[in-house]
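Asks: One-letter residues, chain by chain:
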Amino acid sequence: MRYPRRIGRLSVPSRKAQLAAAAMLVATTMAACGGGGEDDGATSSAPKAPATIPELTKDPLTLSFIWFDWPPAHALEDFANAEYTKERSNVTIKVKTVPNANWHDAMFTQFAARKTDFDIPILDSQHIGEAVTNGNILDITDFVKKNIDVKAYNPYLLAAYGQYPQAETGKRDENASLYGLPLLGDTWTMIYRKDLIGDKPPQTWDEMISVAEKCQADNPGVSGLAFHQANGSDAAAVTYNTVNGVYGGNLWDAKSRKIDGVVNDAAGQEAMDVLVNKMKPLTAKGSGNWFIDEVNAAVAQGKACIAFNWIAASGGLLDPKQSTLGTTREQILDKLGFAPLPSQKTNLVPLGGMGMHISAYSPQANQAEALNFMKWFEQADIQKKWAAAGGVPARTDALESPEFLNAGPFNKVYADSVSRMRDMWNVPEYARLIDIENTNVNAALNGAKKPKDALDDIAKEQQAVLDSGNRKGGGGL
Amino acid sequence: MAVSVDEAVSAGPGRDHTPSRRRRGGRGRSVLEVALLTVLAVVMLFPVLWMIETSIKENRDVYAIPAKFFDFKVTLDHFKDVFAGSGGGRSALSVSFLNSVVVAGVSTALATVLGVPAAWAYSRFSVKAKKDQLFFILSTRFMPPVVVVIPIFLMYRQLGLIDNKLGLILIYTAFNVPFTIWMMKGFVDEVPAEYEDAAMLDGYTRLQAFWKFTLPLLLPGIAATAVFALIFSWNEFVFAIFLTSSDSVRTAPPAIAGLIGGTTIDWGLVAAASVVFALPVLVFAYLVRKHLVAGVTLGAVRR
Amino acid sequence: MSESAPLTIDQPGQVASATPPAPGRSRRLSDRWLAGAFISPALLLLLAMSVFPLLWALYLSFTDYSATRGGPAHFVWFENYTAILTSAQVHLRALTTLIYVVGAVALQTTLGFSIAYLISRRTHGRGVLTTLFLVPMMLSPVVVGLFWRFMLDAQFGVINSMLGSLGLGQVEWLTRQGTALLSLIVVDTWQWTPFIMLIALAGLTAVPKYLYEAASIDRASEWFRFRTITLPLVWPLLLIAVLFRAIEAFRLFDLVYILTSGGPGVSTETLSFHVYKVAFLGFNTGTASAYGILMVLIVLVLTQLYLRYLNKLKED
Chain C
-18 MRYPRRIGRL
-8 SVPSRKAQLA
2 AAAMLVATTM
12 AACGGGGEDD
22 GATSSAPKAP
32 ATIPELTKDP
42 LTLSFIWFDW
52 PPAHALEDFA
62 NAEYTKERSN
72 VTIKVKTVPN
82 ANWHDAMFTQ
92 FAARKTDFDI
102 PILDSQHIGE
112 AVTNGNILDI
122 TDFVKKNIDV
132 KAYNPYLLAA
142 YGQYPQAETG
152 KRDENASLYG
162 LPLLGDTWTM
172 IYRKDLIGDK
182 PPQTWDEMIS
192 VAEKCQADNP
202 GVSGLAFHQA
212 NGSDAAAVTY
222 NTVNGVYGGN
232 LWDAKSRKID
242 GVVNDAAGQE
252 AMDVLVNKMK
262 PLTAKGSGNW
272 FIDEVNAAVA
282 QGKACIAFNW
292 IAASGGLLDP
302 KQSTLGTTRE
312 QILDKLGFAP
322 LPSQKTNLVP
332 LGGMGMHISA
342 YSPQANQAEA
352 LNFMKWFEQA
362 DIQKKWAAAG
372 GVPARTDALE
382 SPEFLNAGPF
392 NKVYADSVSR
402 MRDMWNVPEY
412 ARLIDIENTN
422 VNAALNGAKK
432 PKDALDDIAK
442 EQQAVLDSGN
452 RKGGGGL
Chain Y
942 MAVSVDEAVS
952 AGPGRDHTPS
962 RRRRGGRGRS
972 VLEVALLTVL
982 AVVMLFPVLW
992 MIETSIKENR
1002 DVYAIPAKFF
1012 DFKVTLDHFK
1022 DVFAGSGGGR
1032 SALSVSFLNS
1042 VVVAGVSTAL
1052 ATVLGVPAAW
1062 AYSRFSVKAK
1072 KDQLFFILST
1082 RFMPPVVVVI
1092 PIFLMYRQLG
1102 LIDNKLGLIL
1112 IYTAFNVPFT
1122 IWMMKGFVDE
1132 VPAEYEDAAM
1142 LDGYTRLQAF
1152 WKFTLPLLLP
1162 GIAATAVFAL
1172 IFSWNEFVFA
1182 IFLTSSDSVR
1192 TAPPAIAGLI
1202 GGTTIDWGLV
1212 AAASVVFALP
1222 VLVFAYLVRK
1232 HLVAGVTLGA
1242 VRR
Chain W
-6 MSESAPLTID
4 QPGQVASATP
14 PAPGRSRRLS
24 DRWLAGAFIS
34 PALLLLLAMS
44 VFPLLWALYL
54 SFTDYSATRG
64 GPAHFVWFEN
74 YTAILTSAQV
84 HLRALTTLIY
94 VVGAVALQTT
104 LGFSIAYLIS
114 RRTHGRGVLT
124 TLFLVPMMLS
134 PVVVGLFWRF
144 MLDAQFGVIN
154 SMLGSLGLGQ
164 VEWLTRQGTA
174 LLSLIVVDTW
184 QWTPFIMLIA
194 LAGLTAVPKY
204 LYEAASIDRA
214 SEWFRFRTIT
224 LPLVWPLLLI
234 AVLFRAIEAF
244 RLFDLVYILT
254 SGGPGVSTET
264 LSFHVYKVAF
274 LGFNTGTASA
284 YGILMVLIVL
294 VLTQLYLRYL
304 NKLKED
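Protein sequences, first through last, are from chains C, Y and W. Per the numbering used here, the first sequence runs over residues -18 to 458. Per the numbering used here, the second sequence runs over residues 942 to 1244. Per the numbering used here, the third sequence runs over residues -6 to 309.
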């Protein structure tokens, strides 16, 4: 090592520079803290959208959505650019997509930044509470009253994708505020191999399990069941919630905000037992990290007798290029059947899908355009066209229309399931609740925890999250 | 037995001052060692080869059980999909590659401009608390990205740098400057200070001496250092996924990660995108192979 | 530090030169100015992008601030720290991280050194071999993670397919508690063994030949030579590499995110991954900041160790 010594001791940065840097640091810290304080007070509740749509701009405008990357997102962009521009030729629609695993983070980090590069966030129904509480999306109650024909909808669909505080399952509270409108309805469909188990789908959950068991025994290399088990997104949690609902359990008591003692009651325990001890053994080895795409791959490769997946994600199953079940759509449909979920003690099915909302940080012209888009989108004929374009509408007349029912073999499943849907908790703490449930159900499914311990841990940890109010040290651990 | 060790350390083959009995033993062992090395090399390279193979397979063959090693139909469709969008035009993936080029390129240039002079100054002048300063500089490079991203996120939201290429460029520069300083300091140490002294005797100022005499000698080192900075920025994932969200800003690593988690996984496309993404790095790494040891240890080890 | 002596010696030369010499005093000043001008931009950037954010995080770590919920930050002082240090959840992640770091670093050190040793004994093809072995290290963790996830897939993965051809059963690489962490260690080892190999190779080729020659005349056993000549000479360099890898492994996030996303359950959640969840799922920014500061402290200690060994190495 060579350090030329001739120059003598220099102080770098010089003392003056050090002082300046320190001063700058202090100043910025103060500014930052001040900044933190300033954006705090303003956000106690969501800002209101006007009841009537303000005058729209004639200048070119790009209306941006944010969604995760899946076929409906591309369908929406194509559909809106083809149809909406007929009415508003100066508007371009852009649907920004992020990876599914990053969807919540991508939206809420931008909300946290109080600056969004999207006008219409497509929130999961359970994200509404978090967004409303933080003041991230507009209150559109008055707008809906004046512009939307609410009688044309199943009330629960309106409530699920827009109402906060959350509605009771199956109902809508007409006095509660609305923050969004339905964009894409969804629920699970049962996908079954007609060539292996017959044309008639099993009707009860128990029957479904025994059919799958027999199918697996009769067809080496094909597993009885395929469903979501991953610990990311809401994969494993929705699976447990579905079985929980079917076996008469409850996720929580919304009024008393009680989870411990509710989700892990006798019905909850039975559901966990069915899931881990009866259903899991019928799945493929190593399927413990499967989500939407892995289940689809298993079906397309002919490796599952009965599978469960979101309807909106099932379109790819009919694509001969991705499938080994046939070389044409018809051949594939000879083998694949789609049916509503079997029932047991109840006939509940999971509510999926998403609503459209308006970013509170979007420019006024864009917010006005977003309101206009929503009004346009919820018209009867547009909803039918959306159905024909591959979307799942929410208006009852569109759901009953041949345009929708003929667009895909699973669409009738959705129409038949609407009255049976149940959602999870729609509270600001949703992201934490779902993570607790996901990781614990995933642990139980993969033998990392005993089923009963996993359920009790879910109850205990989720209760702690609801009770903590997030206002003391160590929150979120 | 001694032969092989001697041969390994001495350059010339054919040196022989051991009894033949031992040499035969050495040869047998040598064969064994070559075999072992071959096996290890195959194991290490297999995933890369499998990635290349997957990228030219049809999706049907990608999922085949048992896996198809040789008898599959070759297709270049996946590579086409990397660049061309489904509806014609550019794919989102190719836009992300361009973003990566911009972000990695600019942050590397910035880090070089900031880091090289600082390295020279640290090498030539005796700076107060130099060791502490260098320790501080190195430790900023070792910060866990997940931890840094929290306050950076808060800071960027005040500055409007979230989902902005400039934001990524700045944070990558901040991670590359410590590396550049440490790596370049080693190179500067190797250039005798006497060159500059001689130049100053001729009447040049120190700055001129640095610019006209030392800097040209440092160019190969600067190039090597810049390449390593480039590789870091090119491969970086954590900041990219948390600080960007739109197609027009997102760099390639989060875009490639986003290829899975839709409704179907197109492993062929993932593989093709990975190959395209990795290729420039491998080429660059090959160009600086002489400096690899220094490069991967932040210039700490140079032999 | 004899700063004046060389300058006085400089004087005659400067008198002889064509351009008039700068007086020594102003030269020193301009050097000082130059050093400042060259170093401070870099330091300022680091202050702005590393120190300032960390100070901010330090401040937040004493509060209950949340980045999304708004509301003023209340000081909770050390509540975040005590909650983290006493949390069983954190202890679990710390243990996972420890197993991962120790397992991965030990495995790649052994393998990397062995490969380097084997290569160093070859006379031909060294360059090619080294280059080939280095490929994994250059790949992005995203590419590595995604690809191994594909290869380790229990149903469609090529690893199980090969095991199947050998008549062995399927292994659930990513979905069992033991194997998932093992897979993580194996993938990290695959990527970073070349790193250790590279540095070990640098050490091995620097061992002076005459030492071996002397030993070979003495007919010392090979193990004896390895233990008394090779290892002591390579060890200091290897230690640097090991520490470097330990720091990197401790910071690991991306591979977990892509390969297992922490599963099954939370059994492969490292500290980094847990911090991410606290920070971006619940947006408990205060807690996450305290958690981060604690991790930074560990990194600082490791860095200090690293530098100490590095200086020792240079002095030798």
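Keep in mind that the hints are not guaranteed to be accurate.
What the hints assert, rightly or not - The calculated DMTMM-like cross-link candidates involving lysine to aspartate or glutamate, where the alpha carbons are at most 25 Å apart (straight line), are:
| no. | chain 1 | residue 1 | chain 2 | residue 2 |
| --- | --- | --- | --- | --- |
| 1 | C | Lys441 | W | Glu72 |
| 2 | C | Lys302 | Y | Asp1130 |
| 3 | Y | Lys1021 | C | Glu381 |
| 4 | Y | Lys1072 | W | Glu72 |
| 5 | Y | Lys1009 | C | Asp404 |
| 6 | C | Lys366 | C | Asp378 |
| 7 | Y | Lys1014 | Y | Asp1207 |
| 8 | C | Lys393 | C | Asp130 |
| 9 | Y | Lys1021 | Y | Glu1135 |
| 10 | C | Lys356 | C | Asp180 |
| 11 | C | Lys75 | Y | Asp1188 |
| 12 | W | Lys307 | Y | Asp1012 |
| 13 | C | Lys302 | Y | Asp1138 |
| 14 | Y | Lys1231 | W | Glu72 |
| 15 | Y | Lys1072 | W | Glu308 |
| 16 | C | Lys236 | C | Asp438 |
| 17 | C | Lys266 | C | Asp241 |
| 18 | C | Lys316 | Y | Glu994 |
| 19 | C | Lys302 | Y | Asp1073 |
| 20 | Y | Lys1071 | W | Glu308 |
| 21 | Y | Lys1014 | C | Asp438 |
| 22 | C | Lys126 | C | Asp274 |
| 23 | Y | Lys1021 | C | Asp199 |
| 24 | C | Lys266 | Y | Asp1022 |
| 25 | W | Lys307 | Y | Asp1073 |
| 26 | C | Lys152 | C | Asp438 |
| 27 | C | Lys316 | Y | Asp1188 |
| 28 | Y | Lys1069 | W | Glu241 |
Simulated from the structure, these hints should not be mistaken for lab results.
Asks: Hints first: check each against the structure and report whether it holds.
Replies: Hints and how they fare:
1. Lys441(C) x Glu72(W): Roughly 21 Å between the alpha carbons, so the hint for Lys441(C) and Glu72(W) holds.
2. Lys302(C) x Asp1130(Y): Cα-Cα ~61 Å, so violated.
3. Lys1021(Y) x Glu381(C): At roughly 41 Å apart (the allowed maximum being 25 Å), Glu381(C) and Lys1021(Y) break the hint.
4. Lys1072(Y) x Glu72(W): Violated, at roughly 35 Å.
5. Lys1009(Y) x Asp404(C): Violated, because 44 Å separates the two Cα atoms, which is more than 25 Å.
6. Lys366(C) x Asp378(C): This hinted pair holds, its Cα atoms lying about 12 Å apart.
7. Lys1014(Y) x Asp1207(Y): holds (17 Å)
8. Lys393(C) x Asp130(C): At roughly 24 Å apart (the allowed maximum being 25 Å), Asp130(C) and Lys393(C) satisfy the hint.
9. Lys1021(Y) x Glu1135(Y): violated (56 Å)
10. Lys356(C) x Asp180(C): violated (41 Å)
11. Lys75(C) x Asp1188(Y): Holds, because 11 Å separates the two Cα atoms, which is no more than 25 Å.
12. Lys307(W) x Asp1012(Y): The given pair, whose Cα atoms are some 55 Å apart, is violated under the 25 Å limit.
13. Lys302(C) x Asp1138(Y): violated (72 Å)
14. Lys1231(Y) x Glu72(W): The hint is violated at about 51 Å.
15. Lys1072(Y) x Glu308(W): Distance of about 14 Å is within 25 Å: holds.
16. Lys236(C) x Asp438(C): Holds, at about 22 Å.
17. Lys266(C) x Asp241(C): violated (32 Å)
18. Lys316(C) x Glu994(Y): Distance ~31 Å between Lys316(C) and Glu994(Y) Cα, so the pair is violated.
19. Lys302(C) x Asp1073(Y): violated (61 Å)
20. Lys1071(Y) x Glu308(W): holds (17 Å)
21. Lys1014(Y) x Asp438(C): violated (50 Å)
22. Lys126(C) x Asp274(C): violated (39 Å)
23. Lys1021(Y) x Asp199(C): Between Lys1021(Y) and Asp199(C) the Cα gap is close to 42 Å, so the pair fails against 25 Å, i.e. violated.
24. Lys266(C) x Asp1022(Y): violated (32 Å)
25. Lys307(W) x Asp1073(Y): Distance of about 17 Å is within 25 Å: holds.
26. Lys152(C) x Asp438(C): The hint is violated at about 30 Å.
27. Lys316(C) x Asp1188(Y): violated (38 Å)
28. Lys1069(Y) x Glu241(W): violated (30 Å)
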